[in-house]
Every structure is written in structure tokens, then in C-alpha cells.
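Asker: Produce the complete structure using the sequences and hints provided.
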Amino acid sequence: MTSLRTALITGANRGIGLHVAQQLAARGMRVVLTARTAEAAQQALAGLQMSGAPAVALGVDVGDVASIRAAADELARRQIDVDILINNAGIYPEGGLLTTGDADLRQALDVNLLGPVHCARAWMPGMLARGFGRVVNLSSGYGCFSGGLGGPAAYSVSKAALNAATLHLAADCREDVKVVAVDPGWVRTRMGGPQAPRVVDDAAADVVWAATLGADAPNGVLWRRRAVAPW
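Just so we're aligned, residue 1 is where the sequence shown starts under full-length UniProt numbering, counting upward by one.
Read the hints as simulated data drawn from the structure, not as lab findings. Certain hints may be false.
Unchecked claim - Taking CB as the label site, the calculated pair distances span:
1. T99 to L213: 38 to 44 Å
2. P230 to T99: 27 to 33 Å
3. D102 to G214: 42 to 48 Å
4. A196 to A26: 20 to 26 Å
5. A66 to A171: 24 to 30 Å
6. L213 to L149: 23 to 29 Å
Just so you know, even glycine gets a beta-carbon here, dropped at the ideal spot from N, CA and C.
Answerer: Here it is as C-alpha cells:
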């Protein structure tokens, strides 16, 4: 894979997203770091720029389709094509489905499901036109029917829906464009907490691995620890 590729990562100001950006930059790629605020994205950018990596920072609220469209317009204005899209940003509202408030449920769906879908709508057409692209959706075992759909209800429902969206987006692919999901496991991030067994750098490495597989890699699959996992 050429070092001239451009990767856009949502939620790139900390955790898995930031480590994915760092690892892709270390491979010589240009990275577009996005975070909910421009200030948070700029802070993440400063660290990458110290390493000399080509990078761009944008404020993107993935729960707001207008924000995603504005980011797409800005990158088009700069003549930056997105070759790799990492849909990493997510939220984790607690509670069961009977007790979770409507606002929390809607926000989980807006951020964890519609955000990735709107990002795919913004940047997949360019990938299809150029004949190359990778979309990696950060999923969870809590979104898998094979795992019993555990965890907080709003999070589980939104990730199960994201898994379904991954399959539908993959069905729209042609040539060397692929859409996959990655379950990074329970990771030691702000969301995962300090008791999580997996370090963030290892989880990010699995995402980078999935995003940089060659043309013979499968499309429309769920990766877990670099093996295809059941939905």
C-alpha cells in the first residue's frame, strides 16, 4: 500500500483513535485527525506534527450530519481525498433499555450508528470512483448476536445496528474498496476503564492491520484479534 494514502480517523484526540492515527502516520500516511471540537483535534495534531508526520486536524461532531458535510467540503476544498476511513468515535451510555432515557438512546444511535453511516456517505463515493478505499467500523462484542448482545442496552443496540450497516455498505463495494468492522475487545481507555486487560496500542494495531490489508482481503467481515469472528 502506497505511503501517499490519506486516512481519516474520527475520535482521534485520545484512546484507540489517537493511537491509530499515530501508527498510520508512522507508516508514512497523511492522517486527518477529527474530534468533536476543533481545539481537541488541534491538540492531537500538535503531537503528530512534532514527529514530522503530514497531518490535518478538523472539528467533526459525528452526531451532527451538517458537521460531517462541512468536513467533507473542507477536505474537498483542500483537494484531499480520503482513502481510509476509520469510524472510531463512539459513546457508551449505561443502563437497560427500559430505563435508558430517549435522549441517551438517540445520542447512542446518532454517534455510534448514523455517524459512521454519514461518514461513509461523505467519503465512500470518492473511494468507489477511484477504485480504492478502506472503511473500518469500530464495533464491539456487545453488538454481536453470537455473543448474546451483552452490555448497556443503548450501546449494544447501536453497535448491533452498526454491524448490520457494515454488511450493507460492504455490499455496495466494488473493485478494491472494502468495508469491515473490528472488535478491539475490552481496552484500557477512558471508555474501557483502568481494569481493562488490553492495552490501547495493541487494539489500535489490530485496526491499522485491518485498514491496510491488500486487495485479496475479505470484504464485509468482523475482525477480532486478526481473525474473522461471527456476527
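Asker: Of the hints given before, which are not true for this structure?
Answerer: Every hint satisfied by this model.
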